[in-house]
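> Chains as they are written, first to last, in UniProt numbering: chain P, 1 to 318; chain Z, 1 to 343.
FYI, nobody ran anything at the bench for these hints, they're computed from the structure.
Given the structure is predicted, the values throughout are model-derived calculations rather than measurements.
Hints may contain errors.
Derived DEER-like restraints, expressed as beta-carbon distance ranges [as the list claims (entries may be wrong)]:
{"id": "1", "chain 1": "P", "residue 1": "A81", "chain 2": "Z", "residue 2": "P109", "range": "30 to 36 Å"}
{"id": "2", "chain 1": "Z", "residue 1": "K110", "chain 2": "P", "residue 2": "P252", "range": "47 to 53 Å"}
{"id": "3", "chain 1": "P", "residue 1": "K239", "chain 2": "Z", "residue 2": "D58", "range": "42 to 48 Å"}
Calculated cross-link-like contacts (lysine to any residue; reagent style SDA-like; alpha-carbon spacing at most 20 Å) [said to hold, decoys possible]:
{"id": "4", "chain 1": "Z", "residue 1": "K342", "chain 2": "P", "residue 2": "Q132"}
{"id": "5", "chain 1": "Z", "residue 1": "K66", "chain 2": "P", "residue 2": "S63"}
{"id": "6", "chain 1": "Z", "residue 1": "K342", "chain 2": "P", "residue 2": "A81"}
{"id": "7", "chain 1": "Z", "residue 1": "K342", "chain 2": "P", "residue 2": "L115"}
{"id": "8", "chain 1": "P", "residue 1": "K128", "chain 2": "P", "residue 2": "S72"}
{"id": "9", "chain 1": "Z", "residue 1": "K342", "chain 2": "Z", "residue 2": "D332"}
{"id": "10", "chain 1": "P", "residue 1": "K267", "chain 2": "Z", "residue 2": "E279"}
{"id": "11", "chain 1": "P", "residue 1": "K267", "chain 2": "Z", "residue 2": "Q158"}
{"id": "12", "chain 1": "Z", "residue 1": "K342", "chain 2": "P", "residue 2": "I80"}
{"id": "13", "chain 1": "Z", "residue 1": "K342", "chain 2": "P", "residue 2": "R228"}
{"id": "14", "chain 1": "Z", "residue 1": "K342", "chain 2": "P", "residue 2": "G105"}
{"id": "15", "chain 1": "Z", "residue 1": "K201", "chain 2": "P", "residue 2": "Y96"}
{"id": "16", "chain 1": "P", "residue 1": "K60", "chain 2": "Z", "residue 2": "P299"}
{"id": "17", "chain 1": "P", "residue 1": "K128", "chain 2": "P", "residue 2": "L237"}
{"id": "18", "chain 1": "Z", "residue 1": "K43", "chain 2": "Z", "residue 2": "E213"}
{"id": "19", "chain 1": "Z", "residue 1": "K342", "chain 2": "P", "residue 2": "M48"}
{"id": "20", "chain 1": "Z", "residue 1": "K66", "chain 2": "P", "residue 2": "M48"}
{"id": "21", "chain 1": "P", "residue 1": "K267", "chain 2": "Z", "residue 2": "R340"}
{"id": "22", "chain 1": "Z", "residue 1": "K66", "chain 2": "Z", "residue 2": "G80"}
{"id": "23", "chain 1": "Z", "residue 1": "K342", "chain 2": "Z", "residue 2": "M167"}
{"id": "24", "chain 1": "P", "residue 1": "K267", "chain 2": "Z", "residue 2": "K342"}
{"id": "25", "chain 1": "P", "residue 1": "K267", "chain 2": "Z", "residue 2": "G80"}
{"id": "26", "chain 1": "P", "residue 1": "K239", "chain 2": "P", "residue 2": "R228"}
{"id": "27", "chain 1": "P", "residue 1": "K210", "chain 2": "P", "residue 2": "Q132"}
{"id": "28", "chain 1": "Z", "residue 1": "K342", "chain 2": "P", "residue 2": "Y96"}
{"id": "29", "chain 1": "P", "residue 1": "K60", "chain 2": "Z", "residue 2": "D327"}
{"id": "30", "chain 1": "P", "residue 1": "K267", "chain 2": "Z", "residue 2": "E213"}
{"id": "31", "chain 1": "P", "residue 1": "K60", "chain 2": "P", "residue 2": "G46"}
{"id": "32", "chain 1": "Z", "residue 1": "K201", "chain 2": "P", "residue 2": "D185"}
{"id": "33", "chain 1": "P", "residue 1": "K267", "chain 2": "Z", "residue 2": "L157"}
{"id": "34", "chain 1": "Z", "residue 1": "K342", "chain 2": "P", "residue 2": "A276"}
{"id": "35", "chain 1": "Z", "residue 1": "K66", "chain 2": "P", "residue 2": "V67"}
{"id": "36", "chain 1": "Z", "residue 1": "K201", "chain 2": "P", "residue 2": "V67"}
{"id": "37", "chain 1": "Z", "residue 1": "K342", "chain 2": "P", "residue 2": "I275"}
{"id": "38", "chain 1": "P", "residue 1": "K267", "chain 2": "Z", "residue 2": "V336"}
For each residue, glycine too, the CB sits at the ideal point set by N, CA and C.
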Amino acid sequence: MASTDQDISLSASETLAHARRVDAQRKTRARWILLSPALILIGLFGLMPLSITLVYSFLKPGSFGGVEWVFSLDAYIQFIAQRDIFDDTLSVNWSYLSIFSRSIGLSLGATIGALILGFPTAYFIASKPADQRNFWLFLITLPFWTNLLIRTYAMLLIIRDQGVINTGLMSLGITEAPIEILYTDTAVFIGLIYSYLPFMVLPLYASLEKLDLRLIEAAYDLYASRFRVLTNVILPLAKPGIVAGCILVFIPGLGAYITPELLGGGKKLMIGNLIAIQFGSSRNWPFGSAAALILMAVVMVALLLYVRHSAKEGHSHG
Amino acid sequence: MKHKLLGFSAACGVALCSSGAVAEGELHIYNWGNYTSPELIEKFEQEFDIAVTLDGYDSNETMLAKVQQGNTGYDIVVPGDYMIAIMIEQGLLEDIDANTMENFGNVDPKWVDVYWDPGREYSVPYQWGTTSFVVDSEVYSGDINTLGLIFDPPAELQGRINMLNDMNDVINAGLRYLGYPRCNSNEDELRELTALLLEAKTHWRTMDYSTIEKLTSGDVDLSQNWNGASMRARAQRPTLVYAYPKEGFTGWMDNVAVLKDAPNLENAKLFVNYIMDPENAALISNFARYANGIMGSEPFMDPEMTEAPEIVMPADAPAPDFVPPCDQSVVDFYNVIWTRLKQ
């Protein structure tokens with residue numbers, strides 16, 4: 001008797017386990033099926049071009065564009081050092097490094113500028129009554145209804161010598177000659193801030209919106225000055241938004257192509273333009289691929305450092 | 001395999017576009033953007049009952065890269081002189097015996113034995129022009145026919161100069177100013193060139209292809225420029241004068257050629273012959289604003305074009321300099337100079 005009971009309960013638990021297993025399998029399958037469109041898309045249009053870029057960067061340039069299927073590290077060596085064509089010595093190649101550092105500097109500057117402009121804006125929106133916020137957010141997203149190229153062109157018309165700003169200043173008698181803004185690094189800087197400001201405001205707003213106002217009240221009750229409330233309460237709480245915003249502005253700014261081309265006057269290269277000409281008149285696809293990958297690596301390292309840093313910090317706080 | 005698939009789908013796309021018109025045949029033209037006279041295409045379509053589709057590119061290199069992939073579905077391309085030479089060498093063009101075609105007799109003899117297609121087996125002239133510079137005669141009133149205005153500019157032009165954002169155009173102009181040969185790999189001469197360019201660049205305001213806009217907006221008073229674009233800019237800023245510098249200037253020609261894997265070879269040949277007709281060549285010139293190299297087309301051209309100082313060269317101007325493609329070793333030199341110039 002006892003043994004049969006055991007058998008039954010055993011087989012019941014077996015059936016249950018089996019059912020669970022089948023269920024789990026079905027769920028896994030469903031998950032993969034649901035995921036597959038995204039995975040295929042990423043694989044086909046994300047990883048495949050990336051792999052082609054990676055492979056090309058290790059080849060020799062073909063004589064009239066394209067590549068020759070010969071393994072070579074030249075593209076990467078060329079980036080840092082150059083066998084000087086003039087005296088045949090190996091020396092540090094400052095050209096590309098200076099192009100990279102200019103891009104990083106301009107992009108960093110634009111990020112800080114966007115943060116300074118974007119933070120009060122986001123705070124302003126977040127402090128509005130809930131039913132009005134959507135209207136203000138709508139205004140922030142409005143520029144996206146127009147193509148970036150056209151917005152940049154409009155910028156060009158505004159800041160050029162005969163543009164609205166200069167003619168205005170001159171007719172008011174504030175300046176005698178037009179201030180040269182267009183075709184300078186300043187113009188690129190202004191253009192980058194303008195283009196990417198919404199990417200800063202939106203994540204900042206998302207953080208600030210969740211801000212518990214009672215914490216600010218508490219800080220004031222504890223005799224915090226307004227400055228200390230900002231630095232010790234609001235900024236730490238808004239940090240995820242600040243970081244997300246900075247990443248969203250810095251990375252596209254680094255690869256910007258149209259803005260430096262149109263507003264910078266084409267006299268100096270940024271990374272995006274450097275990469276572009278490798279596939280055109282410079283006829284050096286491997287170097288273009290290598291430069292693109294190096295740019296990506298720089299961005300990835302920066303992101304990884306941030307993730308590790310924030311994970312550690314989150315740990316110590318928790 | 002992948003390339004074949006891509007080519008197939010591209011061809012399908014092109015075929016779909018043209019399926020609207022029920023015509024005897026098809027012809028797919030791949031030309032520079034905004035460079036094909038719509039009037040000419042319409043006339044050709046009606047005369048031969050052939051449906052034409054047009055696609056555009058913005059540089060010889062873009063076109064080459066696409067054609068190299070193969071199976072583009074295009075029949076006709078319009079490469080620049082040096083690019084014809086490259087494409088013939090790479091076996092990308094069909095030998096159409098252009099010089100035996102019915103209308104070939106109309107081609108100006110000086111465009112027959114050209115370095116990029118000696119004797120004209122593969123290609124026929126489409127449009128030709130010069131690349132020099134244009135300057136506002138009101139801003140600078142001295143002698144304009146010297147490259148000194150670009151490389152050692154007088155005070156009134158300093159900071160008011162636009163150069164083409166083109167490695168070859170800028171470097172070739174510099175080499176001419178110094179009196180050195182093109183496609184140069186002499187290290188001493190190139191070092192001197194680099195110094196010259198770096199010094200001159202401090203007086204340049206921009207390096208940009210959009211020359212007409214830069215000139216008409218008043219951003220610059222001198223711009224390296226193509227002759228046709230200079231003519232268009234003069235229409236809006238009448239004081240602009242096109243220079244024929246004594247040190248020399250670039251000449252170029254775009255040529256109609258047929259691709260090796262052209263799906264509509266016979267129609268393509270019809271078209272090549274068609275544009276050598278003076279009346280049709282004039283249609284192209286009236287649209288694109290450059291000279292065409294076909295004799296007898298002047299009577300059909302807009303009068304303003306046959307008189308324009310940008311198109312009609314003065315008798316004492318040096319002959320335009322057609323620069324062949326340089327060796328990769330030279331291009332490598334140029335790349336280093338160009339990157340140093342723009343770092």
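> Any of the earlier hints contradicted here, and which numbers?
Going through the list in order, the structure violates hints 1, 4, 7, 8, 10, 13, 16, 18, 19, 25, 31 and 36 and respects the others.
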